[in-house]
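With the hints as your guide, set chain P onto chain R.
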Amino acid sequence: MTIRRILVANRGEIAVRVIRTAKALGIETVLAVSEADRESMGARLADRTLCIGPGPSAQSYLKVETIVQAALGSGCDAIHPGYGFLSERADLARLCEEEGVIFIGPTAAQIEAVGDKLRARAEAVAAGVPVAPGGSVETVADALALGETIGAPLLVKAVGGGGGRGMKRVDDLAQLAEAVSLASAEAGAAFGDERVYLERFVSKGRHVEVQVLGDGDGLVLHLGERDCSVQRRYQKLIEETPAPDLSDTLRSAIRDAAVRFARHLNYRGAGTVEFLVDVERQDFYFLEMNARIQVEHPVTEQVTGIDLVAEQIAVAEGKGLRLRQDQVVLTGASIECRINAEDPERDFMPSPGTVRKAVWPEGDGIRVDTHIASGAKVPPYYDSLMCKLIAHGPDRASAIDRLRAALTQSRVEGVKTNIAFHLAVLADPAFRAGGVDTGFLTRFLAREPQAA
Amino acid sequence: MTITSKDVAEIMKLLEASAFGELKLETGDLKLHLRRSGAPVCEAAPEAPTPPVPPRAPAAPQPPVPPVAPKVPSDPSLTDVPSPLLGIYYRAAKPGADPFIEVGQTVEDDTIIGIIEVMKLMNSVRAGVKGEVVEIVAGNAAMVEYGETLIRVRAA
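Here the protein sequences come in this chain order: R and P.
The first sequence begins at 0 in numbering that gives the first Met the number 0 and counts up by one.
The second sequence begins at 0 in numbering that gives the first Met the number 0 and counts up by one.
The shape of chain R in the complex, shown without the other chains (with noise of 0.2 Å):
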């Protein structure tokens, strides 16, 4: 089926990403605004907008409901929902199967197969895949037991948790059958389940991500895979491919896996494997599976020349993969920084307002990816992200020359923003050297504050 026409269930850089390529195919667009983005980038860019609520993203684009009724009442056939807000909502995928609305993404069953911790760690066993050695107790033998095998440093995590709330860090074994005991009872306290498990604590690991693609009918590629270790609690600021200081045994087998397990779902559509990389121990497992786009798509699609949009809505429209693996050719390097609106000198705390100037930059290899003109406002209600500043070189080196000559020739007024603070990250002789694990920016940030 021939898609005319798209509901953009999101708002940012992202809903004018997707408008850029629907206009491209020749494509209508609709985008559902809520009132604070009446006068966006992307609303002024779509064919039509349509108020769906008040600014809150609670009343407006979380509400499921009223997405599809916004997409059947405006004679859309298609909703992409971007990443954020309803990308990975089991119910929006299976309300729009159920209207007959294509919902431009993966299905609601493989929605949920991914979006759970341990039901996701349960595939990727099923899988092939590695994960980190460990798994679920339920008595205090049963962790020594398990404790022995895994060894230590450990973490007894709650599967209730996340976002790294109910974890214990067991150095000592011997210190094992207590941790998991007040573990269990702290995590039944906290989040009404008891549970906890074991996992292998990766003292020096990198995130490594692999983006692929499927047909839904279990023919799966991937497009190379992505660094994104430079964090700041959990937040990615830099993301780059490929992965550099990585062996070509341990790149190859990171992508092989990330295929074994996006086909085992028959997954359809785009989507990233995430891995850790064990530095010390070279290996790596299985952390989860983003079912959506990613902020960070960019950089595949400048090695690539693959406009990934477009393939989600070919997927989307039952044309398939038009790509055979072979192929798929990787050419240069490229990086991404995330221009926020936040202040570094406070905490990197949202610096939302009104953007009294915009500059951004332009050259060879330079792509600029935002909804953010002179004049436009930074509402408070939603993440700080302005802009993505996107830089492909023939290798890794030019494209970080490229990238910071880009940052100097960007100019905001009007809001705090961390150009200055990517500019000092992109000097720093570890960085440059590639391969740095999580805990760089922590440290980077202990040692040089004033880079802040």
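Keep in mind the hints are simulated off the structure, nothing from the lab.
From the three backbone atoms N, C-alpha and C, an ideal C-beta is built for every residue, glycine too.
Incorrect hints may have been included.
Stated by the list, open to error - Residues from chain P that face chain R, not an exhaustive set, calculated with beta carbons under 10 Å:
{"#": "1", "residue": "79"}
{"#": "2", "residue": "83"}
{"#": "3", "residue": "86"}
{"#": "4", "residue": "87"}
{"#": "5", "residue": "130"}
What the hints assert, rightly or not - Derived EDC-like pairs: lysine to aspartate or glutamate, alpha-carbon spacing no greater than 16 Å straight-line:
{"#": "6", "chain 1": "P", "residue 1": "119", "chain 2": "R", "residue 2": "98"}
{"#": "7", "chain 1": "P", "residue 1": "129", "chain 2": "P", "residue 2": "97"}
{"#": "8", "chain 1": "R", "residue 1": "203", "chain 2": "R", "residue 2": "282"}
{"#": "9", "chain 1": "R", "residue 1": "356", "chain 2": "R", "residue 2": "412"}
{"#": "10", "chain 1": "R", "residue 1": "167", "chain 2": "R", "residue 2": "198"}
{"#": "11", "chain 1": "R", "residue 1": "167", "chain 2": "R", "residue 2": "193"}
{"#": "12", "chain 1": "P", "residue 1": "119", "chain 2": "R", "residue 2": "97"}
{"#": "13", "chain 1": "P", "residue 1": "119", "chain 2": "R", "residue 2": "64"}
{"#": "14", "chain 1": "R", "residue 1": "376", "chain 2": "R", "residue 2": "97"}
For chain P alone, coordinates are given in the frame of chain R:
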């Protein structure tokens, strides 16, 4: 969500440093309303608009789509009643039934003026204003946006 006096102080500092005169925050049970002394009582401080720079995205710039912001009627005695939801507006409870209201009728704050359907869920809409209905703006069984005018009332 809990909020401490320190948080409020931080938010006040943000407001001080911003171009805004007023801040309303609603999250869960919490409602916070801050206004700078001397700031005009209005929903959003009108900004001196800088002409927007055409986007860098390759798409050709388009004439701006006019916003559907609630219209202020020229006659100050008139009030536009906006739709509280995006959905399908129905003037009557079911096909063939009498409409909830007609032009010329007097409405109270809690008079039901129609139904907004969102995916088979029917939501009744109240006038929220007292006065005489002078116009029914939204079409029956037509989709309305959030904030779109449903009816126009001459305030009593």
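| Does residue 86 (chain P) pass the interface check with chain R, least Cβ-Cβ distance below 10 Å? | holds, 6 Å
| message | Please verify whether residue 376 (chain R) and residue 97 (chain R) have alpha carbons no more than 16 Å apart. | response | violated, 37 Å
| Are the Cα positions of residue 119 (chain P) and residue 98 (chain R) separated by 16 Å at most? | holds, 12 Å
| query | Is residue 119 (chain P) close enough to residue 97 (chain R), meaning Cα to Cα at most 16 Å? | reply | holds, 13 Å
| message | Hint check: residue 203 (chain R) vs residue 282 (chain R), CA-CA at most 16 Å. Holds or violated? | response | holds, 11 Å
| Does the nearest C-beta of chain R fall within a distance shorter than 10 Å of the C-beta of residue 87 (chain P)? | With a minimum Cβ separation of about 7 Å from chain R (threshold 10 Å), the hint on residue 87 (chain P) holds.
| request: For the pair supplied as a hint, residue 129 (chain P) and residue 97 (chain P), confirm whether the alpha-carbon distance does not exceed 16 Å. | output: Roughly 21 Å between the alpha carbons, so the hint for residue 129 (chain P) and residue 97 (chain P) is violated.
| said: Does residue 193 (chain R) sit within 16 Å of residue 167 (chain R), going by the straight-line distance between their CA atoms? | reply: holds, 14 Å
| message | Check whether the Cα positions of residue 167 (chain R) and residue 198 (chain R) lie no farther apart than 16 Å. | response | Distance of about 10 Å is within 16 Å: holds.
| task | Let me know if the C-beta of residue 130 (chain P) comes in closer than 10 Å to any C-beta of chain R, holds or violated. | result | violated, 25 Å
| Satisfaction of hint between residue 64 (chain R) and residue 119 (chain P), Cα-Cα up to 16 Å | Within the cut-off at roughly 9 Å; holds.
| request: Measure nothing beyond the straight line between the CA atoms of residue 356 (chain R) and residue 412 (chain R); if it is 16 Å or shorter, mark the hint as holding. | output: Since the Cα atoms of residue 356 (chain R) and residue 412 (chain R) sit roughly 5 Å apart, the hinted pair holds (cutoff 16 Å).
Of the hints listed earlier, those the structure fails to meet are numbers 1, 5, 7 and 14, in rising order.
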